[in-house]
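Engineer: In case you want the letters, here they are:
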Amino acid sequence: MSQEEAHHPTAKQYFRIAMVLSVITAVEVGIFYLEFLGYWMVPILVVLSTAKFALVVMYYMHLRYEHKLFSYLFVSGVVLATIVIFALVALFSFGIGRW
Amino acid sequence: MATEVNNDTNHDDHEYTTTGLNHRKMLMWAFLGSDCMFFGALIATYLVYQGKSLVGPYPVDVFDIPVTSVSTFVLLMSSMSMVLAYAALTQNKISGFRIWMASTAIMGATFIGFQVYEFSSFSTFHVDIESCNEKIVKHGIFDEYEEELCANAKEDHVETHDGLQPQTNLFGTTFYTLTGFHGAHVTLGIIWILSLLFLSYKKGMITPERHLDVDLAALYWHFVDVVWIVIFTVIYLFGVFPFPGS
Chain A
61 MSQEEAHHPT AKQYFRIAMV LSVITAVEVG IFYLEFLGYW MVPILVVLST
111 AKFALVVMYY MHLRYEHKLF SYLFVSGVVL ATIVIFALVA LFSFGIGRW
Chain B
39 MATEVNNDTN HDDHEYTTTG LNHRKMLMWA FLGSDCMFFG ALIATYLVYQ
89 GKSLVGPYPV DVFDIPVTSV STFVLLMSSM SMVLAYAALT QNKISGFRIW
139 MASTAIMGAT FIGFQVYEFS SFSTFHVDIE SCNEKIVKHG IFDEYEEELC
189 ANAKEDHVET HDGLQPQTNL FGTTFYTLTG FHGAHVTLGI IWILSLLFLS
239 YKKGMITPER HLDVDLAALY WHFVDVVWIV IFTVIYLFGV FPFPGS
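Sequences listed follow chains A and B, in order. Quick note: to get the working numbering, add 60 to the position in the first sequence (first position is 1). Quick note: to get the working numbering, add 38 to the position in the second sequence (first position is 1).
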């Protein structure tokens, strides 16, 4: 077993992470029904789903324990995709660059 | 200068690479990074056309959040099952590996079952309103689509069987394209997992020393899970929530 694997979480820790993911999902659904939150729901849900995303990538995909180059490869794809989403939504919502 | 692979991995340990990292693993991470951009483009397209459909049904009419929450939970649990299968293999517990791999495939298939149910209920969506009088509409019992149907109706009774098809409106086109591609990814993952499960019965094919084969499948499986985390929030939860003033 390599040094990296030696630091991988144990089965118990994997289970705990799964429980945390389930609780966050339940909280997300609960928040969805709290209509009085209005637009505040958006940042709250974004933070919660980002936390879920990070937990899965760091612990289940072991990116936390891997070589930095793997992180660069994956994170650059995520960042570029996020930029594309925001750029396209801005372009079509506010007519930026309309000619 | 070429350096020897210092990676954990396995039968590829003898390979020499310029980075010192396993090529197969690097290829998988590069692929996942590029797949992020693929799904990013599909999500961006969905968001760009959100609220621009000229006819219903709209997201608020067809989405069933409790059902989708259950399918999301199933997919999250399948990720846990997959990582436990990998952990069992590295500890040379082959029977545990088989059990967790089978449970991952079953949960993946359950998720696909939910998606088939969802698609079929969307495509057969129908509305039957007995009374379209103004009083009920004002009390806010109807949603946007039903109000639209009543507004265009000549009689008090309205019945429509126009389900949501990919060609129905912009919502249908972008929604089915995005979730359909995700479903295709999940299906491919199930086939991959089942292949590894069957290979584990062949002597010497799946061993702790050759765990990279399972590691790569696990990376792919967790990736479809994280994509669904984004889809569930952005498409389903944001899609149905009645924002003030909307």
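Any given hint could turn out to be false.
[Claimed, not checked] Not close to chain A: a few residues of chain B, all C-beta gaps over 10 Å, as computed: (1) 79; (2) 91; (3) 151; (4) 240; (5) 275; (6) 276.
[What the hints assert, rightly or not] To be clear about the criterion: a stretch of chain A counts as covered by chain B if any three or more of its residues have a C-beta under 8 Å from a C-beta of chain B, and this derived list gives those stretches: (7) 72 to 80; (8) 87 to 100; (9) 103 to 112; (10) 136 to 146.
[Unchecked claim] Sample of chain A residues at the chain B side, in silico, Cβ under 10 Å: (11) 69; (12) 131; (13) 132.
These are calculated hints, taken from the structure and not from any lab test. By construction, the Cβ of each residue, glycine as well, lies at the ideal position given by its N, Cα and C atoms.
Engineer: Hint by hint, note whether the structure agrees.
Structural biologist: Verification of the supplied hints:
| no. | hint | verdict |
| --- | --- | --- |
| 1 | 79 | violated, 6 Å |
| 2 | 91 | holds, 14 Å |
| 3 | 151 | holds, 19 Å |
| 4 | 240 | holds, 24 Å |
| 5 | 275 | violated, 5 Å |
| 6 | 276 | violated, 7 Å |
| 7 | 72 to 80 | holds (count 4) |
| 8 | 87 to 100 | holds (count 6) |
| 9 | 103 to 112 | holds (count 5) |
| 10 | 136 to 146 | holds (count 8) |
| 11 | 69 | holds, 8 Å |
| 12 | 131 | holds, 8 Å |
| 13 | 132 | holds, 9 Å |
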